[in-house]
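4 protein chains.
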Amino acid sequence: MSAPEYGRAFVRWREQAPEWHAYTHHPFVEGLRNGTLPRENFLHYLRQDYIFLINFARGWALAAAKADTLAEIQAAAATVQALAHDEMPLHVQICAREGIDAATLEATEEASANLAYTRYVLEGGYSGDFLDLLAGFAPCVLGYGEIGHRLRGSGGPYAEWIETYAGDGYQALCHNVGALIDGALVHRLGPDWAKLPRADQLAKRFATATRLEVGFWQMGMDGP
Amino acid sequence: MSAPEYGRAFVRWREQAPEWHAYTHHPFVEGLRNGTLPRENFLHYLRQDYIFLINFARGWALAAAKADTLAEIQAAAATVQALAHDEMPLHVQICAREGIDAATLEATEEASANLAYTRYVLEGGYSGDFLDLLAGFAPCVLGYGEIGHRLRGSGGPYAEWIETYAGDGYQALCHNVGALIDGALVHRLGPDWAKLPRADQLAKRFATATRLEVGFWQMGMDGP
Amino acid sequence: MSAPEYGRAFVRWREQAPEWHAYTHHPFVEGLRNGTLPRENFLHYLRQDYIFLINFARGWALAAAKADTLAEIQAAAATVQALAHDEMPLHVQICAREGIDAATLEATEEASANLAYTRYVLEGGYSGDFLDLLAGFAPCVLGYGEIGHRLRGSGGPYAEWIETYAGDGYQALCHNVGALIDGALVHRLGPDWAKLPRADQLAKRFATATRLEVGFWQMGMDGP
Amino acid sequence: MSAPEYGRAFVRWREQAPEWHAYTHHPFVEGLRNGTLPRENFLHYLRQDYIFLINFARGWALAAAKADTLAEIQAAAATVQALAHDEMPLHVQICAREGIDAATLEATEEASANLAYTRYVLEGGYSGDFLDLLAGFAPCVLGYGEIGHRLRGSGGPYAEWIETYAGDGYQALCHNVGALIDGALVHRLGPDWAKLPRADQLAKRFATATRLEVGFWQMGMDGP
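Chains as they are written, first to last, in my numbering: chain A, 1152 to 1375; chain B, 1152 to 1375; chain C, 1152 to 1375; chain D, 1152 to 1375.
If you are wondering where the hints come from, they were derived from the structure by calculation, not from laboratory data. Predicted model only: the values in this text are computed from it and were never measured. Each statement offered as a hint is correct.
One copy or two, either will do: identical chains are not told apart, so a pair holds if it fits within one copy or between any two.
As a list, the in silico SDA-like pairs of lysine to any residue whose alpha-carbon atoms are at most 20 Å apart:
1. K1355 to T1220
2. K1355 to I1202
3. K1355 to D1333
4. K1355 to E1170
5. K1355 to T1255
6. K1355 to E1257
7. K1355 to R1339
8. K1355 to Q1167
9. K1346 to D1333
10. K1355 to E1260
11. K1346 to G1334
12. K1355 to V1337
13. K1355 to A1258
Isolated chain A (complex conformation) (with noise of 0.2 Å):
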């Protein structure tokens, strides 16, 4: 099964990304496949998650208010939306499920490996620009989008989880972020974006933010 394309950045900075397959196929991507990964793993990486959303649900505010556009705007602020009523209930349902609380939720410590991306992505945002943001988030949204593409349909333990990233819902989501991308790029740098010397310092920027997404991947393995 073919990797999804969500755009032409997006194929283009997975490819200089030497850390894109040990991000995509980690063990711990693996355990959640073959349902092996040990549930306390599980639970630390998604208390973490729980405080990544925050931060990243703060840098796609952040890109709203550096976007240029009315559109970009509202694909921003639509994103915000989404992690707050897709993704951040999904984990606080899961916690609960298996006794912990909101209180707990918000009182995790935040391990090293969870501050180093979020506060990348946004640090890089605040000095850079929008497109900045977006390479800094793409790892992410994409990423994930791309595991449960081949995660699909792989049941287990960890079925409710892949479905989330697998399912329609997630996919068009990753679609247009990657079209966000791409008309992002071209309404600054124009069609021929990709020759520049900014396609390589933001190709570098995504790559750095896929090595950090394989620290966060084993800080779950590390578990607490």
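Since chain A is already given, all that's left is putting chains B, C and D on it; use the hints.
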């Protein structure tokens, strides 16, 4: 009729803003009330206000990025949505009825008085924190609520504009924003925040933003 | 006498700014040249310019924070130093001679036209990137260079002000800033940056900043 | 020998940071003290620290942009200069003696533990205000001062590094930064700032930054 109270901070800041009356009783406002404002001045104002609202939505998105709690993120994000779905469509509709289409709206050159206010608020938010943003937004959000409240039922050619801000929906939003401000102050500075130097800095920001709002009305009076 | 050329971007942006002549030949500037500018207008301008320089120094510091290379950091930091050690002491000295002490300077209320320019530049820099900051600074840094160059040797009551900007030190700074801009553009966008949509966005930022500089001179003419 | 006191906030924050001892007495530090740290680990650390210092200089530049008073701008700008002229040349020289040239230094891939700290501090500064930046800087600036103070005169292969931070120049800088922090707190929050919720937020930022400093030493111990 006494002025509405949208919260402790608002009541305090309003008292400390020397130009509050000049803002809320500006000849432009009185012209809306008694119907003497020339239509072309109103349309000039509306066109500028459309650009204003885009920047205001960006500002509230920045507030979501700078929020400290999930509840603050959600409140700020909801305001972005309200701006995009309540205030902006009103502008587009009224302008359309008057023969100003969306493309013309988008192409409007931003007046200096317009730039001055929005960039002052946004920059203060970037350089400062969540509270600086709220103190910069407040004269607009809550001042329009106070003006709407006072002008309620005035009728005349500007009744639709007046009732937008006089209406229960907008008035409820003002109470919510007032509560958001009060809560954010206590969350960071404790219940006695009013005695701190930080309170004076925020009151000064509110007062300066109020002065720039006077400039915005004046731009409307001066016309295109 | 032809206008000085401080670099490729400057020459291009100047051509695309409709109000460049209105800025560099504003009645306030002509009044400096031929000595007819009333002293009180000059002092009003100087007091405002003092506040302006503080914000300008903040802007160049932000540029250092947003720089991409060590050389860019050093160049921006050196400009902060130059502002603090060359331009600001001149203001303090002249004001002191005229009976305006440092405390009075500090207590000056910032005029709206002053706020408008500096917040536009700073906010554009926060929301955008290093290039946005440079495009916002350029009308001031390089425009004063061009004005100083044209007014060199005019003599009269404002000779000291004129020679500050006409002098070799300031002219060298203009060439350095022009080279910094050209280098930063090529570093990010490649040698053909002028053909990209991004170039139009930056030219527009330069043009808007130029318009706000006209407002700054006008504030000087209108007086306190 | 008692730990040096660089100011009221520092003494307080240090007490509230659970990992302060783990940071200031990390095996890496003990290896510097007694000379048992392998040279290759030290050089790995130095290469990473070079990248760290670039980001640290950017952070202090951001502090200048976010400062409230001219004195704060000048203090922050002076620190940028000190970093660029004192600490960075030391790194370049030692590395050069060890056969690592400037180009190799520049090409070093930034370790995740390095990214984590600097982006945490910078992002906290962008999202928060001047105080957030100072609370994030403090474990580094003042912690190195405390370590240098304790290791003074240890001799051995790392004597040059030790004496840089033990020396009067660096110790004076620590007292100045401590005073800057104390002054900035009082300027914004009044003399009783320690009782405010904001004080807890800042103490937490200091503690998290301290935890990330432990990770930085550990990266040095783990080696390239």
